[in-house]
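Novice: Residue-level listing of the chains:
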Amino acid sequence: MARDSIGELEHLILLTVLNLESDASALRIRDVLATRGGRRITRGALYRSLDRLGEKQLIDWDVVEPDESRGGHTKRFYRVTAAGLDVVRERREALLRLWAGTRGMVGP
Amino acid sequence: MKPTPPALFRKLLAHVVPDGASGPSVLGDLHEEYVRIYGSRGHARAHLWYATQVVMIGIPYAAATSAAVAQRSLVGLGQGLSLDLRHAARGLRANGVMTAVAVSSLVVGTGGAIASAGLVDALWLSPLPYPGAQRLVDLEDMHDQHVCSGCSAGASYRSFSEWQTLDFFEDVTAMSGGSRTMEVGDRSIPVPATEVAENFFDFMGGRTSLGRFILTGDAAADAPAVVVLGHGLWTGAFGADSSVVNTSIRIDGLPHTVVGVMGRDFRALDRARMWTALRDPGASSSFDQRELWVIARLSAGVTTQEADMGLRTYAASRYSSVSGLEPGWYAKVESLRSVVSDEIGPLGMGMGLLAATLIVLFVACANLAALMLARVTEREAELGIRIALGSNRFRLARVAVLESVVIAVLGTGIGLLAAVALTELVGERARGAFPGWVDLGLDARMAAMAVATTVGTAVACGLLPALRSYSVKPGRESLHAALGGRDRDRLRRHDLLLGVQVALGVVLVGGALSAARSVVRVIDFDSLGHRYAGIHTVEIDSPVGTHGTLAESNELVEALGVALGAHPSVGGWVATRPLFLGSWGNADGPSPVRTEGSVEAVPDRVVPRHSLAVGAGYFEQMEIPLLVGRGIGLGDRVGGDPVAVVSAAGARALWGDVAPTDVLGRGFSVELSGGTQSFTVVGVSRDVVGNPRSERRRAMPMIYTALAQTEPWAFDHGPARDVTFQLDLRSTPPGLPEVEAIVSESRAGVAVARSGSLRDTLLLWIMPVLIIGAVMTALSTIGLGLLMLGVYGTLSYRVARSRRELGVRIAIGARPVEVFRAASHRVVRVLAVSGLIGIGISAPVAHTIGAGDIPLGGSDPWVLVMTATVLASLCGLSCLGPVRRALATDPIESLKSD
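Residue numbers (this note's numbering), protein chains in the order written: chain Z, 1 to 108; chain Y, 1001 to 1898.
Next comes chain Y alone, as it looks inside the complex (with noise of 0.2 Å):
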């Protein structure tokens, strides 16, 4: 048999070693050696031999030839680049409406989707901003029994001190946040402030910018009693005076040595602006005394269920060894992220936000895919041209690039800074509507991603005529293209992209007009049922607190109420306090309350749990209409019977159905720690609106107290000090400073913890969904742009390719109408066809974005109908300009140009 070698590695070796070079040689010699190992080492060896020799010899060459191709390519990449970046410009200038309608587009779009994202990653995804933030946890006690579900119950120090050791923990510290009243000067001001544990700050990374923060041995029962400053309460109460360090101040009528100023950078779980120390209690206190916040670090490697499941058993097995300790507690572990953001809103709001913020971000970019395959459309004949001419499609192609580059570069930038900007500012104004780890800056990551999206869009739309300069043949074809033989391929990318366009935006307007009519019902105080025009409410932190007698707390009140109202802007006041009776229970549990005849207590789940004790005239004063009995009047004081007012949904709560003047005259107690006190019901009076940031305005069940006959400890179980008085208003009402004035001249010692109007408090109160929703709002108003702008560069588009047609039709005599729906029925059509399936599908959307208890979303009938109108008459207006055009099409124009 005659020798040859194997056909593959001679047929690569032939490939590798170029035609100029030895090839033929190389193969000759290769032949000659393999012949003779043949013929005296055999086959096998031999087409062994020749193959590794291939190889060999084929890496050298493979080398040089790769390193010449990249030589050549880079050199070829360089070439004439900044004179192609010239031509790109001279491009995109000429289309000057064209570049300025997808700068517009990106601009808009990552501007708000970056500041929007922003937002949502700083409120529900980012990490917290202290050390290992990944395995922070909550630690609470929990009793299936006395703690609803998303109920916080807290935990005790003792339970705090025992947690410290057990193993899943790295750290363990604890806080208890409350308002404490600072001596300046003067003024008294109220300062949201929190003990906290002899570790925390070195738990949280925080650092001083000025001494020391709190340390071991200031929470030993006889150390001297120190607070350290928060920077923004030195620099705002202080004016950053750095000699107030070891100076002495009064806190609560206490002096405490300053011994530091917290760095401007640190950030407080809650709204503290000071800190003191956490007093152990010593042995004496008690697993029941939960007043605690704990917060721990968990050991490397061990998971939040696992600590979970480890701190369930443990607590179980110890409490249940403590005699006293009512049966059933145990404790659980949560993460702290979540804990924290649900005290914002629920993820789902994030979430659906997100999704808001992406959609825009899509429409933007479909905007922008419309508007390159237009031009697309526009250089493929051109292209064609230039080719069959013997331009470079290299250069070609690289010119098509280079100006998506320019439009994404521009675009994506001058959105980056607007979203700075725009970060910058809601940031400050919204500062104080949220905790303080809450970090409203702009994310790198949700940045990027957004730039690297839109970029990416515009690049990959850039190809598009890259690729075509490629594959578009001298010729024929070129021709083909010029007289816009592939018209139906882009009309159908075109209507594709349109169609995902408009249905994104049918969701983003759905979504928006929920939230916007969410906001719209939410402003509307006028539907809560009570006066709150021309009230002005000042809350101070009550020194009687509820271990005082009656007599003080009525002497406090009406020293504190008289002086108020002797201001001349100030027609008459009435004070309230609220009074908590429900239970911290489980709903199925015994609240406080008892009706009379009864021998159990009224469930926790119906009793009037947010009720309030009023002063005389205050059904009269906010206009809350009795429907039978009477309010509370001056008679009402100690030493009478004491009386209550019930609304009509109490009385429903208390005793059922049964008529309003039947409820007259009956009795209810309420029984906590601090004893039993028993009242009877003078009133009933119409239902008031529970909790503004509700849409749905249900009717809170209400038993309103007499001020002056409620024992102090009955407010134990709610915000014990908070005394409120609503001040109806002749004139402008007084400033904080005069208010703080007044009333430090009447009770030396009382901090002013809020002044301002009823409007105001109900404001604040709703202020998550005014900002969510005023984001909702600012998202889809982009959109919409986006959607408007879309549509209005789709049809126009349409109308100039179809211009020779249209001319024709009006040269044999079509009518106006048979002119518009030759120019739009097939862009009205995708309309309509993509609105029905964006109407489909935004239902959910809008569900997820409506979850929990802030009132975004939801789909209703209206909102349907608002979100087909709205679109329908924005792209008719979108419409109007190249329809008009179309109309316009003088005939013989067209037809000579053409």
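Next up, chain Z with everything else stripped away, as it sits in the complex (with noise of 0.2 Å):
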């Protein structure tokens, strides 16, 4: 899978896990997307997006073994990888190129 095919959710989603260090699960990214980034989303895209990321290898998780306040089921904690640390890097690059060249129409 190509690197640079994310899509903006998945943009967003390597930024939010960046931002929540070790902190950073599913429900926890959800929340700052919505709080920091503004980003309301459903619980079955943010899954699948992080799937898809996960499919990419741009982010891997540490799993948590089962307890019963979870009714036996495990739990992820999402870490971007370095390939995923490439793409954010890649993405902030052409954005800033590209801000440059706005030339302050749209705002400082």
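Do not take every clue at face value.
[Claimed, not checked] In the SDA-like style, the derived pairs of lysine to any residue whose C-alpha atoms are separated by at most 20 Å in a straight line are:
| no. | chain 1 | residue 1 | chain 2 | residue 2 |
| --- | --- | --- | --- | --- |
| 1 | Y | LYS1011 | Z | ASP67 |
| 2 | Z | LYS56 | Z | ARG103 |
| 3 | Y | LYS1002 | Z | ARG92 |
| 4 | Y | LYS1011 | Y | GLU1032 |
| 5 | Y | LYS1011 | Y | HIS1047 |
| 6 | Y | LYS1002 | Y | ARG1036 |
| 7 | Y | LYS1332 | Y | GLU1170 |
| 8 | Z | LYS56 | Y | PRO1060 |
| 9 | Y | LYS1011 | Z | GLY72 |
| 10 | Y | LYS1002 | Z | GLU68 |
| 11 | Y | LYS1332 | Y | PHE1362 |
| 12 | Y | LYS1011 | Z | LEU9 |
| 13 | Z | LYS56 | Z | LEU15 |
| 14 | Y | LYS1332 | Y | ALA1355 |
| 15 | Y | LYS1002 | Z | ARG89 |
| 16 | Z | LYS56 | Z | SER25 |
| 17 | Y | LYS1011 | Y | GLU1033 |
| 18 | Z | LYS56 | Y | ALA1064 |
| 19 | Y | LYS1002 | Y | HIS1043 |
| 20 | Y | LYS1011 | Y | ARG1041 |
| 21 | Y | LYS1011 | Z | GLU68 |
| 22 | Z | LYS56 | Z | ARG89 |
| 23 | Z | LYS56 | Y | THR1065 |
| 24 | Y | LYS1011 | Y | GLY1023 |
| 25 | Y | LYS1002 | Y | ARG1041 |
| 26 | Y | LYS1332 | Y | LEU1354 |
| 27 | Y | LYS1332 | Y | SER1321 |
| 28 | Y | LYS1011 | Z | PRO66 |
| 29 | Z | LYS56 | Z | SER5 |
| 30 | Z | LYS56 | Z | THR102 |
| 31 | Y | LYS1002 | Z | PRO66 |
| 32 | Z | LYS56 | Y | GLY1023 |
| 33 | Y | LYS1332 | Y | TYR1319 |
Don't read these hints as lab results, they were simulated from the structure.
The task is to assemble the complex, starting from two chains supplied on their own in separate frames and drawing on the hints.
Specialist: Shown next, in the form of structure tokens:
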């Protein structure tokens, strides 16, 4: 899968995972996306995006063993892989280049 | 209580989210939140929330899964398709005989079915080729005492004018058909022509290829006479000369301006080849002058029944207010489609043909199914072994379906082409036998139905091995199948298919034999009771008509008869003129005939309605024996007492059961609006058959008056202008141009309506029977051919499957008769039982086909015996090959190969 084929939502999720550092569970990612990113998404969209990012090897996760509070199910804490960091950097540089080209027409 | 998410939704989510994805953690996340909501908002809210979240999460996962499956399937479908197609083609080539038989079955089955279904559709089912065809109706006057049921009384111009104003008709038009004499160069030719109302062509949706058609203003009494030529007449008589428009031609001796030529695609409701304007007779016309055929298009939303009720009420009220009009007249509305179809034949006959068509199609499909089943059986063991060796089931199934598709496409494709060719051929040959509205073309709906049926059957049959390829289990079951462990089931399926084929074949053969018998009887002109061989008929349109004097009429007949008789090929001549003595009334009403001494007229139901006025020597020339008395002679001329000869049946009709000798000297009179004329019977002749179309050869009551003494007005009720000369031929008769030349030299302006042998005239009369009979015969031949193929294929398959058993029997000393019994007893039993069932159901089917006046069908012992004989013979023939193979089985070889 090509690294640069991520969509806008996947880009935002990568940034959110970086923001959350070691606390990037799915529930936290969704909360932070809504509060800091201003983007409310359904759980279905979030999990599908996380799966796609995992398939593209842009994120990885640590699994916490199941406990009673989770009904006996595991929990994942996501982290961005080195490849994921490259993609985020490339996106940033591209965006900066494009912003520079706007010459302040859309604000400072 | 421990909070637990709803189990159903939990399982649903676990099922939708794949294991490799976020599955367990998603369930955990939801559980965590569910517990929180449960604590804060309660059990119900938590459940509802959980269910909603499962749906919201499930949708994108389900969509992603479906897309992936579809993608995999499409890729899978396409993979190796060309390879499988080649494999299927190789399989079919390897089973060349089976492939050829299957394709042939489909070709003849679909070809014959499509062609005959097209004929049935054109004659009885398809809408008429005019705008708003479903709303077209026939309007005509009716009188319960004067018009027999099913007869047409027509309508008057005054009625037509008034009906145009009624709300339940969107549009009403009228026409009046007949034959007109057109002069082209120095020739006078009779042309079927129709006078039409000024809105006729608009009503019919006609388009001209040149000029214009009849328009408003052409109908005025003082308007110049105009004519519109049909495309066929324009090309045939005028050489497609476009300069003919706006020139003048003479019709019935009067100049008419050609104002237009109709387009090639315009189809007349009758056989008209040119059209003139129907003149408005003005206020002086009467409601009693019922000379028009009036048709209408119903207003939107009005049904035929509603219009019928409305017109009946309106006309009954209107007619009762007209002084001088006999009470009891009203008007009725009927579907135009059913009126014009009835002229061809009853709907039951069409349905009978359609039933025969469907039977042929079904037999073809059953035949194909039997062959494909045999193929399934052959392949079952092969499939098991292939699957055991690890073959892809989907690919195996696809090869099986592809084999069927190839057979279906080949068979139906060639069948369709054959049907197109056959339809073109029949359409071209039979064009003149039907009215203009009949379009003998291939019907797309019928063709699509037949193609879909056969392709569907072929593909469905192909699915059987495909399904087997999915259900066959490698290992024990494959071995079981390879060793023929399922033979009993297979044999049952084959028996059922063969039985249905044979039963339907019996029905088809029974119907076809009935049809063939009817055709043979109808074509037997020797049984008509009069001579037909060596008689040439020349029919003219007499300009004297019914209004001239007897002297004028005799002079014309004498002049033309002498001229025609002078031709070297003619040994003698006699003239005849049809004399209609019915009343166009109710069967219980009075006829115009009154016997001497009787105060009441002869009832219409018994009077010799279709009688004849004949010239001197008629009985001698036509070889109709006289039972007593004499025939019409040269002495029976103007001035003498009018005389007549009656047939034996005619005598009984007029005077009851009296001896022929007692009839001589009795008198009768004919009373019509033109006057009254009395005749004295001078002879009684043997009966002749009236309607050659009827196989029953019923004697027709006849009155033969002396033509030279019969007043012209007496012909007013019948085809008033027809005079026929029966020429006794010595050698080759004159052709039509020569006859026309003789007639026009003798009397200018007289048109020859027809010239041909009496045999050809009779053949034309029975043409519908011949055409329907030919179609039935063709269908039954196809059906029988397919049936033979089916029997042959089934028995061959049985013999092939029983090879080992037969080998063992022969090895232990079975006699040929025992081998024969072992190979064929099951098939013979199926043939016998299904044959009997077929005979049981063939009678009602034949009865349906034989409905109406055209004598097809009917069942009698002769037909049943012949059906059984034909079928038994053909089945026996079909069995010959396989049985010979069975008898020739080499026990050593068969056991070794097993």
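Novice: Evaluate each hint against the coordinates.
Specialist: Hints versus structure:
| no. | hint | in the structure |
| --- | --- | --- |
| 1 | LYS1011(Y) / ASP67(Z) | holds, 19 Å |
| 2 | LYS56(Z) / ARG103(Z) | violated, 35 Å |
| 3 | LYS1002(Y) / ARG92(Z) | violated, 48 Å |
| 4 | LYS1011(Y) / GLU1032(Y) | holds, 16 Å |
| 5 | LYS1011(Y) / HIS1047(Y) | holds, 14 Å |
| 6 | LYS1002(Y) / ARG1036(Y) | holds, 12 Å |
| 7 | LYS1332(Y) / GLU1170(Y) | holds, 17 Å |
| 8 | LYS56(Z) / PRO1060(Y) | holds, 18 Å |
| 9 | LYS1011(Y) / GLY72(Z) | holds, 14 Å |
| 10 | LYS1002(Y) / GLU68(Z) | holds, 11 Å |
| 11 | LYS1332(Y) / PHE1362(Y) | violated, 42 Å |
| 12 | LYS1011(Y) / LEU9(Z) | violated, 29 Å |
| 13 | LYS56(Z) / LEU15(Z) | holds, 16 Å |
| 14 | LYS1332(Y) / ALA1355(Y) | violated, 32 Å |
| 15 | LYS1002(Y) / ARG89(Z) | violated, 47 Å |
| 16 | LYS56(Z) / SER25(Z) | holds, 19 Å |
| 17 | LYS1011(Y) / GLU1033(Y) | holds, 17 Å |
| 18 | LYS56(Z) / ALA1064(Y) | holds, 16 Å |
| 19 | LYS1002(Y) / HIS1043(Y) | holds, 11 Å |
| 20 | LYS1011(Y) / ARG1041(Y) | violated, 23 Å |
| 21 | LYS1011(Y) / GLU68(Z) | holds, 18 Å |
| 22 | LYS56(Z) / ARG89(Z) | holds, 16 Å |
| 23 | LYS56(Z) / THR1065(Y) | holds, 18 Å |
| 24 | LYS1011(Y) / GLY1023(Y) | holds, 11 Å |
| 25 | LYS1002(Y) / ARG1041(Y) | holds, 15 Å |
| 26 | LYS1332(Y) / LEU1354(Y) | violated, 31 Å |
| 27 | LYS1332(Y) / SER1321(Y) | holds, 18 Å |
| 28 | LYS1011(Y) / PRO66(Z) | holds, 18 Å |
| 29 | LYS56(Z) / SER5(Z) | holds, 9 Å |
| 30 | LYS56(Z) / THR102(Z) | violated, 32 Å |
| 31 | LYS1002(Y) / PRO66(Z) | holds, 17 Å |
| 32 | LYS56(Z) / GLY1023(Y) | holds, 18 Å |
| 33 | LYS1332(Y) / TYR1319(Y) | holds, 13 Å |
Of the numbered hints stated above, those contradicted by the structure are hints 2, 3, 11, 12, 14, 15, 20, 26, 30, listed in ascending order.
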